[in-house]
Amino acid sequence: MSIIRKKSGGKCAIEGCSSRARKNPDISFHRFPMANERFVYRPGDEPGKVEKTDMHEVWKTVTRVKVTSAQNTRICSLHFSSSDYLYGDTTSGMRRTLKKSAIPSRKLPDGQKETFDKSAISLVEKSNMADEIIDDKENAIRVCMLSEYIKNEKDLQTATGIESFEILNAIIDMIAKHFFKESEIITPRDRVIMTYVMLKQNLDYRFLNMLFHCDGAEKCEEIFHTTLRVLSECFKTLIALPLYEKMSESWPVHFSEIKIVLDCIEIQGRDSCYQVIVGSSLGGIISYISEPYKKDEYNANIFRESRLTKLLRPGDGVMVDREFPHEQVCKINGWKCVKPKSLKEQKYLKRFNQTINNFRIVGSTRDKIEEILIVICGTMNMSTLVGKSETVEID
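Going by UniProt numbering, the first residue of the sequence shown is number 1, and it counts up by one from there.
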């Protein structure tokens, strides 16, 4: 991390505040946001709608400061609460740094109440901005989250398994409304990135806390499980069996008899190997996920109580991988087995196994595995839909 050195000087721009950098060495002074530099997101008047406001305008509203040059306008630390800061290790010389979502809220001009509900601030984005400068008499060290080091889609894929920023933003929009009333300890953007980093890398919560500054490993674990649950509920709408009449609608003519593609995915756990049955269209949209079961406990009767038996009819075609225990499954349900004849057909089956096992958390825990699989498969569906330029609408 780079150390930013600034000469002490200047005064607070808020009317009635007498803070001066030279006279008050224990007070820090923070630059006024530039216009279109970063933004604050708040719930709109309609359910599910989000309003985007320039942080520059937010600060002007709450401080009543007439800004002629944001670059030279400073607000002192007396107008921020302690929760507006991230704190470093003071014993090693690290100082506190102002969060990018911070809004002045203390000792404001008489009659001026806080206009924006701070509990509703959920996401601050950069817009071609330089690094935030925190003015302090001594050296200031900027505390960064891992998400700030994700500069391109390759970085995003490596860290989270999410294929593009378009998909990341869609996921953020999907869950943002669920966290507007949460504390500002972490934004929806960092929530999503942190959760997917955990899914992809399976890190120790103490280390994850070092990357995202969540006020401790326990809080970090709580945020992960809360976000995972919300993501799972949202993604369930993207993993649904279509109406029977539409199951073969978009398939090639020579596949018209096939209603679903089934693949058996093996998950190597710490103590035993689990298997999950995944159903999809030939185009790669996942529409069915079975409960995980131990490999040595496999029984074709696993489908008797599943949604598939209620949807598929005797004589329907089911495409299966060659390694899939298809004979028992199809025989007991009266389905017609179709094996892929070409590599092109097999790629749809192999893709799921490879992608799911790329998320390291899958093989490390049996806890929450259903929610984890729904999130991973839902993300795969979103990637497929975005790749086809289809509109994704999620309640």
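Careful, some of the hints might be misleading.
Below, in silico cross-link-like pairs of lysine-lysine (DSS-like), each with a Cα-Cα straight-line distance of 27 Å or less [to be verified]:
| id | residue 1 | residue 2 |
| --- | --- | --- |
| 1 | Lys294 | Lys336 |
| 2 | Lys100 | Lys177 |
| 3 | Lys99 | Lys294 |
Derived CB-CB ranges, DEER-like [said to hold, decoys possible]:
| id | residue 1 | residue 2 | range |
| --- | --- | --- | --- |
| 4 | Gln354 | Asp26 | 51 to 57 Å |
| 5 | Ala35 | Arg229 | 34 to 40 Å |
| 6 | Asp367 | Glu51 | 33 to 39 Å |
| 7 | Arg229 | Arg360 | 19 to 25 Å |
| 8 | Glu221 | Lys107 | 23 to 29 Å |
| 9 | Met210 | Glu233 | 51 to 57 Å |
| 10 | Asp204 | Gly315 | 50 to 56 Å |
What the hints contain is simulated information worked out from the structure, not anything from laboratory work.
Here the structure is a predicted model, which means the values were calculated and not measured.
Heads up, the beta-carbon is just placed ideally off N, CA and C, and yes, glycines get one too.
Structure-based check of each hint:
1. Lys294 x Lys336: holds (26 Å)
2. Lys100 x Lys177: At roughly 20 Å apart (the allowed maximum being 27 Å), Lys177 and Lys100 satisfy the hint.
3. Lys99 x Lys294: violated (47 Å)
4. Gln354 x Asp26: 51 to 57 Å: Given range 51 to 57 Å: holds, Cβ gap about 56 Å.
5. Ala35 x Arg229: 34 to 40 Å: holds (38 Å)
6. Asp367 x Glu51: 33 to 39 Å: holds (38 Å)
7. Arg229 x Arg360: 19 to 25 Å: Taking Cβ atoms as reference, Arg229 and Arg360 lie about 20 Å apart, which means the hint holds.
8. Glu221 x Lys107: 23 to 29 Å: 36 Å Cβ-Cβ, so the 23 to 29 Å window is violated.
9. Met210 x Glu233: 51 to 57 Å: Because 29 Å falls outside the window, the suggested range is violated.
10. Asp204 x Gly315: 50 to 56 Å: About 52 Å separates the Cβ atoms of Asp204 and Gly315, which means 50 to 56 Å holds.
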